[in-house]
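Novice: Protein chains in written order, with numbering that gives the first Met the number 0: chain E, 0 to 474; chain F, 0 to 420; chain Z, 0 to 117.
Note that these hints are calculated values from the structure, not bench results. Bear in mind that the values here come from a model prediction, so they are computed numbers and not experimental data.
Derived lysine to aspartate or glutamate pairs resembling DMTMM-like cross-links, with alpha carbons at most 25 angstroms apart: (1) F/LYS323 x F/ASP23; (2) F/LYS80 x E/GLU385; (3) E/LYS299 x F/GLU260; (4) Z/LYS40 x F/ASP202; (5) E/LYS194 x E/GLU214; (6) F/LYS154 x Z/ASP79; (7) F/LYS219 x E/GLU170; (8) F/LYS154 x E/GLU458; (9) E/LYS419 x F/ASP148; (10) F/LYS263 x E/ASP379; (11) Z/LYS61 x F/GLU71; (12) Z/LYS74 x Z/GLU3; (13) E/LYS474 x F/ASP148.
Restraint-style ranges between C-beta atoms, simulated for each label pair: (14) E/ARG300 x F/THR240: 22 to 28 angstroms; (15) F/GLU239 x E/GLU75: 51 to 57 angstroms; (16) E/ASP284 x F/GLY322: 51 to 57 angstroms; (17) F/GLU239 x Z/ASN85: 41 to 47 angstroms; (18) Z/ASN85 x E/ILE172: 41 to 47 angstroms; (19) F/THR240 x E/GLY248: 25 to 31 angstroms; (20) F/GLU239 x Z/SER69: 50 to 56 angstroms; (21) F/SER417 x Z/ASN85: 47 to 53 angstroms; (22) Z/SER69 x F/SER417: 40 to 46 angstroms; (23) F/ILE237 x E/GLN192: 54 to 60 angstroms; (24) E/GLY248 x F/ASP91: 46 to 52 angstroms; (25) F/LYS229 x E/LYS382: 53 to 59 angstroms; (26) Z/ASN85 x F/GLY322: 56 to 62 angstroms; (27) F/GLY322 x E/ARG83: 52 to 58 angstroms.
Idealized CB from N, CA, C, for every residue including glycine.
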Amino acid sequence: MKDIIIIGSGIVGSSIARELSRYSVSVTVLEKGNDVSVGTTKANSGIVHGGFDAKSGSNKAKFNIAGNAMFDKLSEELQFPFIRNGSLVLCFDENQAEALESLYEKGIGNGVEGLEIISGEKVRELEPNISEKVHSALFAKTGGIVSPYEMNIAYAENAYNNGVEFQFLKEVIEIEKNEEIFSVKCSDGSVLQSKIVINCAGVFSDEINNLVCEEKLHIIPRKGDYILLDKVHGDLCTHTLFQLPTKMGKGVLVTPTTHGNILLGPTAVDVDSKISLSTKRNELDSIYESAQNTVPSISKRMIITAFSGIRAHSIGDDFVVGESKVKAFYNLAGIESPGLTSAPALAVHIANEISTKYELNKNEKFVATREAIPHFAVMDNAKRLECIAKNPLYGNIVCRCEMITEGEIVDSIKRPLGAKDLDGIKRRTRAGMGRCQAGFCTSRVMEILSRELEISMLEVTKSGVNSEMLLGRTK
Amino acid sequence: MEFKNLVIIGGGPAGLAAAKSAYDSGERDILILERESELGGILNQCIHNGFGLHTFKEELTGPEYAQRYIDEINDRKIEYKLNTTVIDVSRDKIVTYVSSNDGLVEINAKAIIFACGCRERPRGAINIAGMRGAGVYSAGTAQKLVNIDGYMPGKEVVILGSGDIGLIMARRMTFEGAKVKAVIELMPFSAGLNRNIVQCLNDFDIPLHFSHTIVEVVGKDRVESVLVAKVDEKLNPIMETAFSIPCDTILLSVGLLPENELAKNASVELSNITGGAIVDDSMMTNVDGVFQCGNVLHVHDLVDFVSAESEVAGQCAVNYINGKARSAEKIEILTTNGVRYCVPEIILKDNEFKPLALKVRVANVFKKVKLQVLLDDNILISKNRAVVAPGEMENIALTSEQVQKLKTANKIEIKLVSEVL
Amino acid sequence: MIKEMICISCPMGCHLSCDITDMNDIKVTGNTCPRGVLYAKDELTQPKRIVTGSMRVVGGNKAMLSVKTSNAIDKHLIFDSLRLLNEIKVNAPIHIGDVMIENVLGTGVNFVATKEIL
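Next up, chain E with everything else stripped away, as it sits in the complex (with noise of 0.2 angstroms):
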């Protein structure tokens, strides 16, 4: 019997995981997937949003605030890619410079720092692709990207090195509550018992809550389509540029990656199935042709690849946070943008929340810090060499366009909660990610898996069960 458990391992649950960890409490995060951060984490928009935008008074408002502060300790602490490269909202009509000033005014309630309204003329000043027809800018300086599944891993492999443990391609179907105990039923049969649940399940939070509470959730699936240009396309721009809402629509952010992509996109389309991560065409023509009104010079030969992603929007459009009306089931659900500038604040409120209400006592092995893979590409040569000296396989270049070498592989591989898949070690490592798209590495990136966690090349997968990669042997 356990003291906690998490359901889910997105950035929500490995994030409540890692800070419930200062504790000692005994954890186990249930993950329905084979690996932590596949399911909204995995394909968003990275950003570290300022705060302006969120409803005042609002959960997201004040976990954005919070959250936001947060970032620059945090990937330090756990090592994970985080630039505050500051955000502008970009106005393209005179006539909306009200609303823009609105969002200011907004910005300066929720308690923004650092907001300020620029000219058109200052905003090429600082991005000079812009359009010529942006008339003015909302500036955050404290806007920020990060690389939203490399900050998931980071939380995970720093709460499993304190103590909590994980359990993979367990899908939660079940939850009793008898006197004080839950019993947690996967689909797999077996069944864990704990005095507290935490659910962090995401677009299936809402499948989860009602499990166990009179008091029914509902999340909406919204898909969010997204191009990602390479990397030789990188200087575009270097801030995150969002276009200030019209009638006409939302309007698509264009954005460096913490790895130096350009990012496009997303849409908004609430569908049916919460799986079912398909680009549409229409969609993807969108995202191109707003994403020109920002950046013109944009051109669909610089595109690299096209992805989506699901939020789990709560039909009360704010995060469900905290205790439910079963005494110590707790909900994090409805955690969709700014959900992950959020995640770091609303892990420590609850963690604090638990602690305090059941008096839990210092982990004191707890060690806050996280090494990250060591990354060749962004060594210079004397470290390089180093690195090669000390482990050949760094003198092995895996992924020629994001210069990954099969050290990194390996060690990505290797690691607690470590890689188990193709899509698993891009994760970690980037291998594939580049501009080729891992037409080069896919057949290396297979026999090292296949080595390494010693299974038959037919049983390498991209993403997990019923994904294999080959179908059988020629003869």
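Put chains F and Z on the given structure of chain E with help from the hints.
Specialist: Relative to chain E, chains F and Z alone:
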């Protein structure tokens, strides 16, 4: 820092031919850097026949063609390093490479030949919508898995793009027991050789749909089907024409791109059309002492022409190392009227009157035309062609006498002229 | 009667026009070299192909050996000949030109190695 007269990046057909010819031109201080565990490059996985008719006057398979050149390299004891990846080339010709054996090494080279080939264009670059399950491979990746490793990427296959690798893989997958359901080509013509359409598709009744494209990939964990639609003249899909083809695998053969990220770092000027460097008739780029040949320069259909081009690069690199004076005066070759590009792009007005091959691609399919080389508006060469197509490179071989005329002209133009007119 | 075809003897892919009014005297035009005539006549009477494939290697530095038929064989024998390759594993070392399967399906043509295996 180490020093070398000639560093050749890539030990595929281009690099091997360049090294051989550099050696035969008198150079002994040569190093080939190859990232794979054996020499031969992509030829090693091209186990089909059709190589070497020009070079060796017999029809070889890829590995046999490669071995001929590997033997030449070994006979000459030319130095090469395997499992070695070049990570940087600077403007002042410092080549940085890494390998497990040597760690990280910087070499200051007198001359560099880029012979590092091309890569396949990925799915993202052509913007196919849909899900991202397993089962989408580039044709070249599938070729490696089948021919080198002995694995089947899938059993029911749809191939997007009618480039040569896609056509060859249609036949190979059929040979290995898979069912190839269709080849889908966006353009109204094939990017591959006619010969391959006959012997890889027609022989096995594999349908080839021109002016069609995949509009959506269906299948969450693994590909389950593709939605295919006809495209209009602007290449936009006509959704009303969409039909579904059940399959577990998609192979992409949608074009090859010269691999020029390293060359860019070295300030090599690239052509927007070929994706390779802009070179003169010595295969030298805008950067003194930096040469290109083979598929990194422009994508070839035939390895025989890669070898020939690379031998020129090897020889000219040696001339450069030996300080042979070069004329500064240059003339650009104009390509007009249906001719998309010519390599080399630039002719040096020097006294090197050696035979030269002009490699030309046309922009579209044309029937009954003359392909002409004009000097100061006078016809130097005129070739009758029943059909020309973008998928088939035209190799215009010039004699020494013709090169002499070329180098003294004030205007060089290559164009297509309709025979009917 | 005229039959159009594309010569596959070499990558040039000449467009051939064959007058097959008299099958005993087929007239070919459009070829660049004499092999075009031979190809057209064969293709119209008894089509042949060189078959390439691979065999599994035991104890070598490669998993697969690539092979080809030393000459073209009848087109209708392609799949039967490929089946032979699936049934046999070969031992390293192997040199280019080594005969791996003799007299394939009684054609007198051999499957020979096209790759050096150590």
